[in-house]
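Novice: In the order they appear, the protein sequences are chains G and L.
Counting from 1, position 384 in the first sequence corresponds to residue 384 in our numbering; the numbering is continuous, with no gaps.
Counting from 1, position 177 in the second sequence corresponds to residue 177 in our numbering; the numbering is continuous, with no gaps.
Hint data in this document are derived by calculation from the structure and do not stem from the laboratory.
Each hint can be trusted.
Per the computed footprint, the stretches of chain G lying under chain L, defined by three or more beta-carbons under 8 angstroms from a beta-carbon of chain L, are:
{"no.": "1", "stretch": "78-87"}
{"no.": "2", "stretch": "234-243"}
{"no.": "3", "stretch": "357-367"}
We treat Cβ as the ideally placed atom computed from N, Cα and C, and that holds for glycine.
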Amino acid sequence: MSVLENRPNIYEGSRIPSPIPTAVIVDPEKHALEDILTINFGPNHPSTHGVLRLVVDLDGEMVAGISAVIGYLHTGFEKTMEQKTWWKCITYPERIDYVSFQVNELAFVLAIEKLLGIEVPRKATWMRMCLSELTRIHSHLVWLGTSALELGAISMFWYTFDDRDTTLDLFEMVCGTRMHTRYFQAGGLAEDIPEGFYAQAREWCKKMPKAIDEYEAILDRNAIWLKRTKGIGLLSTDDAIALGQSGPVLRASGVNWDLRKNMPYLAYDEVSFDVPVFPEGDVYARYRVHMEEMRESVRIVSQCLDRLEEMRGEPWIADDRKVVLPPREELHTSMESLIHHFKIVTEGYMVPEGEVYQCVESPRGEFGVYVVSDGGPKPWRVKFRAPSFVALQATATCMTDAAIADMIAIIGSLDGVMGEVDR
Amino acid sequence: MTTYEGVPGLVEMTGSHGETTLVVDAARIVEACMFIRDELGFNFLSDLTPTDYLGWGSRGVSGYIGTPAGRDMHGPGTQGLARVPDAKPKRFAVNYHALRLADDPVRVRLQAWLDDGEEIDSVVPVWPTADWFEREAWDMFGIVFRGHPNLVRILMEDDWEGHPLRKDYPIGGEPVRFSGEE
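Same shape as in the complex, but just chain L (with noise of 0.2 angstroms):
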């Protein structure tokens, strides 16, 4: 059994579907990762990825009929949620999923909080893997990781207005090019 006591700048560690979450100070991210890296033997980071919690839990509870603001009938999903699913501290959560890849493997998630327009360190530096996985995540989401050495839209084309992941980018709203009216 691993214990996750002597991770810097853990915050809450909290269990559920059989996956370990740590939440972790954003400040000392390198710090935690680097101990889980080396003390715990987490060499293998899986995926990197924020999310974006814009609007959650905005989509309104209600009973069967419908939401306070009433019911849309043509749209799908529009019954409502059940209950308020539980606030999030911050906007922005960055997700490291970290794997032991041994004899006795173990996966764990870290996650660090953040609002919009704060920046985190990179953690290139402790897997080199999250290269791509950081550029992804600033292209996507327009978080900034410290210290990346490459830093630069990854996906999207370099001249990109905005960062499509985030819940406020609107869908079908970009710019038609070729479109034969200019």
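The following block holds chain G by itself, in its conformation from the complex (with noise of 0.2 angstroms):
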């Protein structure tokens, strides 16, 4: 199936806001004359995932304008970065999209490799894809808790937060946390796999195909939650591609678009696995991409476990001792790796002069990293394109007709996490 081959016809024309694409403006005399009332939505309401503002005015139940106000949790990551040396860089594009971290430190990873042109043994880059896998499953159970505990199926949340749980046991069993590892370098992996998480992985990969069908089973009858997300927050196929959207959002507007398979990286053209297209652009279509790429992510885990159990003993990480770190045991008896231990850690590794843009399909859509290098050991400049951040632009026009209980299962629907949309 091609990319734009079926485009649905969810509506007609574009619903994009003119002049100003993310906003509805009430006209001020209508603003005068009717019984409009303008509310806050936010920045600290519980359903707006984080600190999003909305403005909202309001015609009676129905939404008539809208904007949203970002900004509350800026802290300034690009800025941050630029007075860091590259491999301490690493630590924070993990905290920017707190909930699919080891995506975001792959991207980022990645780029400082296209920069370095340095080999990556095989091993790393299909525990890389193992990883970005049950990171996009952790964070998939994370929307579907909360958007669906929004929307009234509190037991939602204590089901999927327990086995967002047992997903996270994974990592700590790899890289010693839970949430932001650091587990990928600059090279490779920081550490080998240890032998107990193939097991415990594949006990983990039969029980989450499960652990779906039972969400759904809870989901997929109830009239309330169908009602609530069928036909609610359209976005058509055009729409979405004007307006920058990526990722779900994108394929449940019926475009056949994923990073993973249209422009692959890693290994993604070596395993197999579908991509889940809806043709609706609704809040409902967007649960079921969400839905669908959980059952495709846990194929692809188990995939990786397969290749990567046959490359027990192999390394995990280049040998480059300009830019790795060299392993601990050498430091005792080696002059040369004590020196270069040294150097990287105080000065850091030097990265080429140059400029990249490197970006992969996170659970949100596509994350990207731009970098520019002096060829000095800190980054001149770091840009992340956060997918929720482009997402959020779509809030005005997934808003038209809408009712202000529908806003809650449209913002819940586009996955912003804020703390990548203000960085």
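Take the two lone chains, each set in its own frame, and fit them into one complex as the hints suggest.
Specialist: Spelled out as structure tokens, the structure:
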């Protein structure tokens, strides 16, 4: 199936507001004459997934005007990273989108490697894929739990967070920490994969599809859930592309686009998986995409495990002493190694001059990193293309003819993580 | 293979790391964007971001021992650069990362150069998704996008002074609010 072959007819024409594509402004005359109520939704409202503030003009129950205000969680990550050496910077992207930590780290590490031109061992590539997919499932579980919670399905939250916990157990086993692992290094992985990981991960792979079936059993025949998601928050194919949407939002608008398939990185061209596409363009379609993606991710994880088990004993990080820390045991016997260790830790490694844009398919869509190096040990400029920053631009378009209660469902379905939006 | 010869205002085309960069005359940026969208099929704007090159190349070149100004042993990365990086034409580069979202996907980077105080036309009419990107660029770098429908700060507060991602913006110099000493 080609990318834009079947354009579903979600609605006629474009619904992107004009002149500002991201805000619906109420006519001032109407505002003065009619009973329009302006309310602040957020920034501390629990269903804004963080600190999103929406200024909403209400005409009764219906939303007449809306504009999103962001920046409450701005922490200056990009400025901070300009002051840190490349290898210290690796910890920052994880904290930008704290739900898809490993995928963000991957994008940044791939960007460094692109500039360095360093070869990565295949074991590291496959483990990166494995952990990226685990992160995707983790992120989707958090999304599912919180979004369903906001629409009243409270029990979902407990079920998904239970399974999220077992997913994080796998991270803990491999990396020592449950989130923000710093496990990917320029050149490969920080440490070898522990022996017990395979068995535990296989157990998890067996359990997970059943768990996803259970979630669907809770939601798919729930009349309230269906009423509140079907036909709500429509976004047509053309509008989604014009507004730069990516990931589940784009695929729920009928676009068969996934960077893992269309512009493969790592070894995604060597695993078999399907890209779920739904043509309805509503909240329900986005929910369907998330559910199917979790199933596909489980498939990828088990294929990665098959390959990784064959690679026991292989190196997990490149043997480049100018970039990669030497093995700990060598420091006691080799002066060279000690010097290399000292240089990398104090000064950091030098990254050749250049600029690259590296993107990966994060759970929320296209997560891109644009980095500029002047040849020194610190990045000259780092910019993150955050998918949820872009997703929130579609709020105004999705809110056409929506009631205030639909807003909760729509904001949830766009899956904004405010840490990533505000950076 | 995509050819970029007809792009309006094309100054230079470079390729590195498997990426194509088109340097475009800043005065004709909207024309160039319209062209690549309509003629070459770049229907998707991935990212729009400026870079400030103030002080580019002044970190010093050195041999093993240190910079001409001496070496600060307390700071990491003070060994200096192995070579002076290539000079840049102006202070700011505005980068447009466009993508052809189709069966034959291609990425391209459009780059327009600006000096401090120079303005550039907004590409919101070409790609509506540029709205927030341009607001962020204004907020962080102080670059004015002519014709933008709503060019106000997006991440910083409305009354913030200065543009934080400029290289001459101090670190740690922002006023501390609610410090208890007032």
